[in-house]
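Chain residues, written in single-letter form:
There are 2 protein chains.
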Amino acid sequence: MDLKELISVARGEMPADLLLKNARIVNTFSGEIEQADVAVYGDKIAGVGDYDKAKEIIDLQGRFLAPGLINGHTHIESSMLHPARYAQAVVPRGTLAVVTDLHEIANVCGSEGIKFVTDLARKLPLDMLFMAPSCVPATHLETSGAQISSNEVKRILAHPKIIGLGEMMNFPGVISGDEEVLKKISASKGKIIDGHAPGLTGKELNAYLSAGILSDHESTTLEEGKEKLRRGMHLMIREGSSEKNLDALLPLVTDDTYKRCFFVVDDRSCSDLLWEGDIDAVVRKAIDRGLEPVRAIQMATINAAEYFRLYDRGGIGPGYIANLITITDLAELEIDMVFYRGKLVARQGKPLFSPPPLTLELRDTVRIKSPTAKSLKIPLPRWEGLGEGETSDEAYPVIEIVP
Amino acid sequence: MDLKELISVARGEMPADLLLKNARIVNTFSGEIEQADVAVYGDKIAGVGDYDKAKEIIDLQGRFLAPGLINGHTHIESSMLHPARYAQAVVPRGTLAVVTDLHEIANVCGSEGIKFVTDLARKLPLDMLFMAPSCVPATHLETSGAQISSNEVKRILAHPKIIGLGEMMNFPGVISGDEEVLKKISASKGKIIDGHAPGLTGKELNAYLSAGILSDHESTTLEEGKEKLRRGMHLMIREGSSEKNLDALLPLVTDDTYKRCFFVVDDRSCSDLLWEGDIDAVVRKAIDRGLEPVRAIQMATINAAEYFRLYDRGGIGPGYIANLITITDLAELEIDMVFYRGKLVARQGKPLFSPPPLTLELRDTVRIKSPTAKSLKIPLPRWEGLGEGETSDEAYPVIEIVP
Numbered sequence: 366m367d368l369k370e371l372i373s374v375a376r377g378e379m380p381a382d383l384l385l386k387n388a389r390i391v392n393t394f395s396g397e398i399e400q401a402d403v404a405v406y407g408d409k410i411a412g413v414g415d416y417d418k419a420k421e422i423i424d425l426q427g428r429f430l431a432p433g434l435i436n437g438h439t440h441i442e443s444s445m446l447h448p449a450r451y452a453q454a455v456v457p458r459g460t461l462a463v464v465t466d467l468h469e470i471a472n473v474c475g476s477e478g479i480k481f482v483t484d485l486a487r488k489l490p491l492d493m494l495f496m497a498p499s500c501v502p503a504t505h506l507e508t509s510g511a512q513i514s515s516n517e518v519k520r521i522l523a524h525p526k527i528i529g530l531g532e533m534m535n536f537p538g539v540i541s542g543d544e545e546v547l548k549k550i551s552a553s554k555g556k557i558i559d560g561h562a563p564g565l566t567g568k569e570l571n572a573y574l575s576a577g578i579l580s581d582h583e584s585t586t587l588e589e590g591k592e593k594l595r596r597g598m599h600l601m602i603r604e605g606s607s608e609k610n611l612d613a614l615l616p617l618v619t620d621d622t623y624k625r626c627f628f629v630v631d632d633r634s635c636s637d638l639l640w641e642g643d644i645d646a647v648v649r650k651a652i653d654r655g656l657e658p659v660r661a662i663q664m665a666t667i668n669a670a671e672y673f674r675l676y677d678r679g680g681i682g683p684g685y686i687a688n689l690i691t692i693t694d695l696a697e698l699e700i701d702m703v704f705y706r707g708k709l710v711a712r713q714g715k716p717l718f719s720p721p722p723l724t725l726e727l728r729d730t731v732r733i734k735s736p737t738a739k740s741l742k743i744p745l746p747r748w749e750g751l752g753e754g755e756t757s758d759e760a761y762p763v764i765e766i767v768p
Numbered sequence: 366m367d368l369k370e371l372i373s374v375a376r377g378e379m380p381a382d383l384l385l386k387n388a389r390i391v392n393t394f395s396g397e398i399e400q401a402d403v404a405v406y407g408d409k410i411a412g413v414g415d416y417d418k419a420k421e422i423i424d425l426q427g428r429f430l431a432p433g434l435i436n437g438h439t440h441i442e443s444s445m446l447h448p449a450r451y452a453q454a455v456v457p458r459g460t461l462a463v464v465t466d467l468h469e470i471a472n473v474c475g476s477e478g479i480k481f482v483t484d485l486a487r488k489l490p491l492d493m494l495f496m497a498p499s500c501v502p503a504t505h506l507e508t509s510g511a512q513i514s515s516n517e518v519k520r521i522l523a524h525p526k527i528i529g530l531g532e533m534m535n536f537p538g539v540i541s542g543d544e545e546v547l548k549k550i551s552a553s554k555g556k557i558i559d560g561h562a563p564g565l566t567g568k569e570l571n572a573y574l575s576a577g578i579l580s581d582h583e584s585t586t587l588e589e590g591k592e593k594l595r596r597g598m599h600l601m602i603r604e605g606s607s608e609k610n611l612d613a614l615l616p617l618v619t620d621d622t623y624k625r626c627f628f629v630v631d632d633r634s635c636s637d638l639l640w641e642g643d644i645d646a647v648v649r650k651a652i653d654r655g656l657e658p659v660r661a662i663q664m665a666t667i668n669a670a671e672y673f674r675l676y677d678r679g680g681i682g683p684g685y686i687a688n689l690i691t692i693t694d695l696a697e698l699e700i701d702m703v704f705y706r707g708k709l710v711a712r713q714g715k716p717l718f719s720p721p722p723l724t725l726e727l728r729d730t731v732r733i734k735s736p737t738a739k740s741l742k743i744p745l746p747r748w749e750g751l752g753e754g755e756t757s758d759e760a761y762p763v764i765e766i767v768p
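Chains A and B, in that order, are what the protein sequence lines are.
Counting in our numbering, the first sequence runs from 366 upward without gaps.
Counting in our numbering, the second sequence runs from 366 upward without gaps.
For the record, the hints were derived by calculation from the structure and aren't laboratory data.
It should be emphasised that the depicted structure is a prediction, and the values quoted were computed from it without experimental measurement.
Mixed in with the good hints there might be a few duds.
One copy or two, either will do: identical chains are not told apart, so a pair holds if it fits within one copy or between any two.
Below, computed lysine to any residue pairings styled on SDA-like, alpha-carbon distance capped at 20 angstroms [to be verified]: (1) K708 <-> A486; (2) K734 <-> S509; (3) K554 <-> I528; (4) K488 <-> H524; (5) K591 <-> I398.
Next up, chain A with everything else stripped away, as it sits in the complex (with noise of 0.2 angstroms):
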């Protein structure tokens, strides 16, 4: 990218590579919808305004074009998908960026793991961007394949696709103030660090905070959230397949906090990418709880870009990368075309991209025994959560009984 090239096409001068005239842009810098005409050069927006000089002219006949989405939190491996084959579910549903904690391969497969994803993402049409995981293995009850120290969070933060740390699953070692712990957040100083604490209230969230931890995923309540963004955090506000906090947290939206919430999924599985859809899916369920939609899609994009410090993301403006969206109905969030970088990618909620060959890398990596009848049978005779005058024949440590 020449930058007097892309200035000259600004300046109207220079044809534009993809010219996207008569939109309606959601400007999620005013808040907006904007009567304008797109000229798109090389991966960058030149301008915006009125142009007509370009080797491609797309007339969006008043179509609305929007930022590509921006999905705050992720762990793709949750999609059950290879990396390559989640872009192809979530590209066509207008994601052209997620942040991702790679901690489920790392605790598999630990640094060679996230090495595999890495390498695969610049093969493809979706900006992925990694925190470098903090809680590998999530706890020391669990048999993992890696353990992720400190020292190994600070090569892998020197990657410079890695964004910050991810989720601090383990708050109390950091309100307990555990060496190793600290040593990770320090390591990650400058750099975003992404909390994770579930119920975390009064002085031990303010403890959590104290140590430089930015955000949170885990809020549950509208008193929780309320909590979490007085004392700074930014709120992400969480649809996964599983967890799905917006109809409790959607009320902490106002005109004073919207800023500081945006949208993520954490946990999605791949059935409920195909049919429901990615952010667009939160998006359009924020959008059907009462949301305006255009301050819906600027939490979808701008809020998460401003958060994860990718400033030349999230808006259509000139000198930003050109990750756009077309939108036919904008309350359904019904999205046509998929830009990503100033090339076509996905329409009609088809990708228009193969993925790379997949390979064989990273294959029987999770070994466990074939279980019997009998490694299912749980030996109640010394399970000693008995109650007083109970017997065994009549308790159970079950968290529900299915009839």
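Based on the hints, put chain B in the right spot on chain A.
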């Protein structure tokens, strides 16, 4: 600062160094007023909530507590004060961070002038953050004491206190793709690049922004400010000694846009600093014109902090730098105590710190010949601006006649 100790104070175990009890906090995260205590340890805020243990306790008895004010753009030289005297003037006004583009001193003394101020800044109870001057001299018509080339800009930007490239006044150079100008911009990649583009509109504005320029403090009309916001610029609303743009631009500050707007003074004289104030005067004026006080304070604190990527400033939250001001009357912004990094440095408008001894460096660096009556004469016969049929007795190249 030991992180483990900070966490312990936040947890309520170790005593705080300073405890501000019964504050009415101007919560810039949530836009509310919140009743709470603030525990400070070293130069940081440890916790916000109910705290008791501290070496020193100040009962604020319900007075307001806000983050230190941030002046987003100024040339401190315009105050006509030595930097140490400047700090004595603005710190009692609540200014605890100032972003300054040293292009005046650089115009006279080059990099040596910049070094003089950056060295001195370390000794002052005021966070001075610097922008590398982009346009020294401001025009080729100027007889300046120094020139700052793109190579020199690159060298200056390597200094950790230099957070970006100062106002790019040479907008014709950007728009026309001037090589040396674009080199300065490329050298600033990944850092903040401030703009300065009076009256720029349409394709020329797009061209200017496509180069990566992020902000503007030169808007004087509503339409101009609106277009710049729409194109993605951050709007610095300027209230200097000569240029006053608040009345024209305040209608632009809405629920949708306020996060991208903040206050600057650009050039403010020492007498204005003394009699009216600094950023505090702008906040007062904005409140007087109808802006909600909490929002006015957000613009003077967290909005500027976010634009300048000062992630631990602009809010009262655990882990944030303890730059704090107490306010007796919110609507009048009557500032009483000023805490810089946890230490009381001003009270009731008076500085409680002595400036470092003044030195004799950089004296006698502005050299002009003594003017005579003759040097003020305009040699009319040689002036070529006469219209057809006019004689030199009738036409004068003046801006305004003061009778």
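Hints versus structure:
1. In this homomeric assembly, K708 and A486 come within 20 angstroms of each other (Cα to Cα) only inside a single copy, at 17 angstroms, whereas the closest approach across copies is 48 angstroms.
2. In this assembly of identical chains, K734 and S509 lie within 20 angstroms of each other by CA distance solely inside one copy; the values are 15 angstroms within and 79 angstroms between copies.
3. Proximity of K554 to I528 under the C-alpha cut-off of 20 angstroms is found in both arrangements, the shortest distances being 11 angstroms within a copy and 17 angstroms between copies.
4. Proximity of K488 and H524 under a CA criterion of 20 angstroms is satisfied intra-copy only: 17 angstroms inside one chain copy versus 36 angstroms between copies.
5. In the homo-oligomer, the alpha carbons of K591 and I398 lie at most 20 angstroms apart only across protomers (14 angstroms), although the nearest pairing inside one protomer, at 30 angstroms, exceeds that limit.
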